[in-house]
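S.K.: Sequence:
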Amino acid sequence: MNIPQIPLNFEALIPEMLLTGFASLILLTGLLKIKNEILVWISVLFLLILVLIVPFKEGEAFGGMFLNDFLAIYLKLIILIGAALSLLVLNSYLKEKLILLKESIALILFSAVGMMLLVSAKELISFFVSFELMSLSIYVLVGIRRYDMKSNEAAVKYFMLGGLSSAIMLFGIAFLYGATNTTDFSVLIKSLSNNFALVYIGIGLFLIGLCFKIALVPFHMWAPDVYEGAPTPVTAFISTLPKVAILGAFGRILIEIFRDYYIDWSSFLIVLSIATMAVGNLFALAQRNIKRMLAYSSIAHAGYITIGLIVGTQTGLNAVIVYMLIYTLMNIGAFAMVIAFNEEDIENYKGLHKFHPALSLAMLIFMFSLTGVPPTAGFIVKFSIFLQAVKSGFTWLVIVAVLFTVVSAYYYLRVIMYMYMKDPVTVLKPIRSKELEIAIVVCATGVVIFGILPVFLI
Numbered sequence: 013m014n015i016p017q018i019p020l021n022f023e024a025l026i027p028e029m030l031l032t033g034f035a036s037l038i039l040l041t042g043l044l045k046i047k048n049e050i051l052v053w054i055s056v057l058f059l060l061i062l063v064l065i066v067p068f069k070e071g072e073a074f075g076g077m078f079l080n081d082f083l084a085i086y087l088k089l090i091i092l093i094g095a096a097l098s099l100l101v102l103n104s105y106l107k108e109k110l111i112l113l114k115e116s117i118a119l120i121l122f123s124a125v126g127m128m129l130l131v132s133a134k135e136l137i138s139f140f141v142s143f144e145l146m147s148l149s150i151y152v153l154v155g156i157r158r159y160d161m162k163s164n165e166a167a168v169k170y171f172m173l174g175g176l177s178s179a180i181m182l183f184g185i186a187f188l189y190g191a192t193n194t195t196d197f198s199v200l201i202k203s204l205s206n207n208f209a210l211v212y213i214g215i216g217l218f219l220i221g222l223c224f225k226i227a228l229v230p231f232h233m234w235a236p237d238v239y240e241g242a243p244t245p246v247t248a249f250i251s252t253l254p255k256v257a258i259l260g261a262f263g264r265i266l267i268e269i270f271r272d273y274y275i276d277w278s279s280f281l282i283v284l285s286i287a288t289m290a291v292g293n294l295f296a297l298a299q300r301n302i303k304r305m306l307a308y309s310s311i312a313h314a315g316y317i318t319i320g321l322i323v324g325t326q327t328g329l330n331a332v333i334v335y336m337l338i339y340t341l342m343n344i345g346a347f348a349m350v351i352a353f354n355e356e357d358i359e360n361y362k363g364l365h366k367f368h369p370a371l372s373l374a375m376l377i378f379m380f381s382l383t384g385v386p387p388t389a390g391f392i393v394k395f396s397i398f399l400q401a402v403k404s405g406f407t408w409l410v411i412v413a414v415l416f417t418v419v420s421a422y423y424y425l426r427v428i429m430y431m432y433m434k435d436p437v438t439v440l441k442p443i444r445s446k447e448l449e450i451a452i453v454v455c456a457t458g459v460v461i462f463g464i465l466p467v468f469l470i
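Under our numbering, think of the first position of the sequence shown as 13, with each following residue one higher.
Calculated from the structure, these hints are not laboratory results. Beta carbons are placed, not taken as given, at the ideal position from N, Cα and C, and that holds for glycine. Take these hints with a grain of salt, some might be off.
[Said to hold, decoys possible] Simulated pairs of lysine-lysine, DSS-like, Cα-Cα distance not exceeding 30 angstroms:
(1) K446 with K47
(2) K114 with K69
(3) K162 with K47
(4) K69 with K303
(5) K303 with K162
(6) K114 with K162
(7) K69 with K162
(8) K114 with K45
(9) K362 with K162
(10) K362 with K441
(11) K69 with K202
(12) K441 with K114
(13) K169 with K69
(14) K162 with K441
(15) K162 with K446
(16) K366 with K169
(17) K446 with K366
(18) K45 with K446
(19) K434 with K47
(20) K114 with K446
(21) K303 with K114
(22) K114 with K169
(23) K362 with K434
(24) K303 with K169
(25) K47 with K114
(26) K303 with K403
(27) K303 with K362
(28) K366 with K441
(29) K303 with K202
[Stated by the list, open to error] Here are the simulated distance ranges between beta carbons:
(30) I275 with G75: 54 to 64 angstroms
(31) I65 with T438: 46 to 56 angstroms
(32) P67 with L37: 30 to 40 angstroms
(33) T325 with Y212: 17 to 27 angstroms
(34) S203 with I275: 38 to 48 angstroms
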């Protein structure tokens, strides 16, 4: 029996292999007495080194099962930068809350490995394994604060619903394999017409599993409770980077594999996009806890981003990816501000500019960008997605999105109004940390520079 030899080409996977080895070493440092700050900075430095390596590792691995093209490289750079920022805010949080540092760092890095493999996956089984590597690490991160009942509840809820969504996705993969007798994306494209019934069932189940992780309505029920209960740095991490990986892979699969079924899946996503924008924005209006407000905000942004996928073109997908870069900066920045103020009740943000003008200014920048107010980068990327939708004939959908953007201005600008136009009700004692300040400055600077000079986003 002749077994075909698959060219492995490990060189294309060097960044993932290095990151996996480094994350494993972090776990072993539990035997050593290393200061938390040193460990965090070593990890951040290692991630930045990988940022320099990734662009030079274009190519295929394992016989085409993994592909490092321009899209995958761009997404990996966002993931690495976002992970570095998440580690910086994590270290600041440690000084106030009881969580396990070394385990948290390792889990963030392992999750990043899963995301990097996910955006390069060109085969359904490797896609699912990468998806689960990312997800399992996040489940543990959500419950890493072991003595906090909210954190435990969030972890159990996320694990149960996440496991259900993974099972649904796996059923979808099984149906697609049954219809085409292959799991390879390039072969799958040519075999989809063999059995329409199984293909439609497979596509539907596969999309539902992905929609859960993006928190599209009605698969969003986990997000508010998980975002509120998880440690704030973990919330910043899971609200951004998993979406970067999944939306990138989501777009590639829809456009490259299921292109012939565009009318079917785009109609499905239009309904979900409108429902997501409606639920995210309307429910955010009533929130008094800023983490919960940002959770519903994240749901609403998933609705805006989905419009870029509905366009069904490569330019639409490019607009989605650029949106995710800015979304990562402004969302991690917003959660970093919650850590800095050490307060979740929005009422207690009244009059903050009188005591903490610099922090209030940074919060203003992030809220403006999340709203989409020019000249912030949030306006540029939202305008880019809307423009692509208009060019593809979805003007009515853009009008709906703009109306919901106006609604979102109420709860975003309410935070700013409280900080600048209300008398203080309490004097907050912010967390002072070099790592946290660096993360905030990087995020705020990126949001401002990309807004004023959007040419760097092209």
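S.K.: State for each hint whether it applies.
M.R.: Status of each hint after checking the structure:
1. A C-alpha spacing of about 15 angstroms is found between K446 and K47, which places the hinted pair at or below 30 angstroms, so the restraint holds.
2. Between the alpha carbons of K114 and K69 the distance comes to roughly 29 angstroms, so the proposed pair stays at or under 30 angstroms and holds.
3. Between the alpha carbons of K162 and K47 the distance comes to roughly 28 angstroms, so the proposed pair stays at or under 30 angstroms and holds.
4. For the proposed pair K69 and K303, the alpha carbon gap of about 38 angstroms is over 30 angstroms, so the pair is violated.
5. About 13 angstroms separates the Cα atoms of K303 and K162, which keeps this hinted pair within 30 angstroms; it holds.
6. A threshold of 30 angstroms between alpha carbons decides the hint, and for K114 with K162 the separation of about 22 angstroms falls inside it, so the pair holds.
7. Among the hinted pairs, K69 with K162 is inconsistent with the structure: their alpha-carbon atoms are about 42 angstroms apart, more than 30 angstroms.
8. Pair hint K114 plus K45 holds up; C-alpha atoms about 11 angstroms apart against a cutoff of 30 angstroms.
9. At most 30 angstroms may separate the alpha-carbon atoms for a hinted pair to count; K362 and K162 meet this at roughly 26 angstroms.
10. Simply put, K362 and K441 have alpha-carbon atoms about 14 angstroms apart, close enough for the 30 angstroms limit, and the pair holds.
11. For a cut-off of 30 angstroms, the pair hint linking K69 to K202 stands: about 29 angstroms separates their Cα positions.
12. Taking the CA atoms of K441 and K114, the gap is near 27 angstroms; set against the 30 angstroms cutoff, the hint holds.
13. The straight-line distance between the Cα atoms of K169 and K69 is roughly 38 angstroms, outside the 30 angstroms bound, and the hint therefore fails.
14. In summary, the hint linking K162 to K441 is supported, as the alpha carbons are separated by about 23 angstroms, within the 30 angstroms threshold.
15. Proximity of K162 to K446 is assessed by CA-CA distance (about 28 angstroms); at most 30 angstroms being required, the pair is judged to hold.
16. Of the supplied pair hints, the one linking K366 and K169 is violated, its CA atoms being roughly 40 angstroms apart against a limit of 30 angstroms.
17. Restraint check for K446 and K366: the C-alpha separation of about 22 angstroms stays at or below 30 angstroms, so the hint holds.
18. For the given pair, K45 sits about 22 angstroms from K446 by alpha-carbon distance, which is consistent with the 30 angstroms threshold.
19. As the CA atoms of K434 and K47 are separated by approximately 41 angstroms, the hinted pair breaks the 30 angstroms bound.
20. Between the alpha carbons of K114 and K446 the distance comes to roughly 19 angstroms, so the proposed pair stays at or under 30 angstroms and holds.
21. Taken as a hint, the K303 and K114 pair is honoured in the structure, with Cα atoms around 25 angstroms apart against an allowance of 30 angstroms.
22. Distance restraint check for K114 and K169: the Cα-Cα separation of roughly 24 angstroms lies within the 30 angstroms cut-off, and the hinted pair is therefore satisfied.
23. Proximity of K362 to K434 is assessed by CA-CA distance (about 5 angstroms); at most 30 angstroms being required, the pair is judged to hold.
24. Proposed proximity of K303 and K169 is supported: the alpha carbons are some 17 angstroms apart, at most 30 angstroms.
25. Simply put, K47 and K114 have alpha-carbon atoms about 10 angstroms apart, close enough for the 30 angstroms limit, and the pair holds.
26. The straight-line distance between the Cα atoms of K303 and K403 is roughly 36 angstroms, outside the 30 angstroms bound, and the hint therefore fails.
27. Taking the CA atoms of K303 and K362, the gap is near 17 angstroms; set against the 30 angstroms cutoff, the hint holds.
28. Simply put, K366 and K441 have alpha-carbon atoms about 13 angstroms apart, close enough for the 30 angstroms limit, and the pair holds.
29. Distance check on the hinted pair: K303 and K202 sit about 45 angstroms apart at the alpha-carbon level, beyond 30 angstroms; violated.
30. Taken as a hint, the range 54 to 64 angstroms is violated for the pair I275 and G75, whose Cβ atoms sit roughly 33 angstroms apart.
31. Here the CB-CB span from I65 to T438 is close to 47 angstroms, well matched to the stated 46 to 56 angstroms.
32. Range check, P67 to L37: Cβ separation about 24 angstroms, and the 30 to 40 angstroms hint is violated.
33. A hinted range of 17 to 27 angstroms for the beta carbons of T325 and Y212 is consistent with their spacing of about 23 angstroms.
34. Under the hint 38 to 48 angstroms, the C-beta atoms of S203 and I275, about 20 angstroms apart, miss the expected range.
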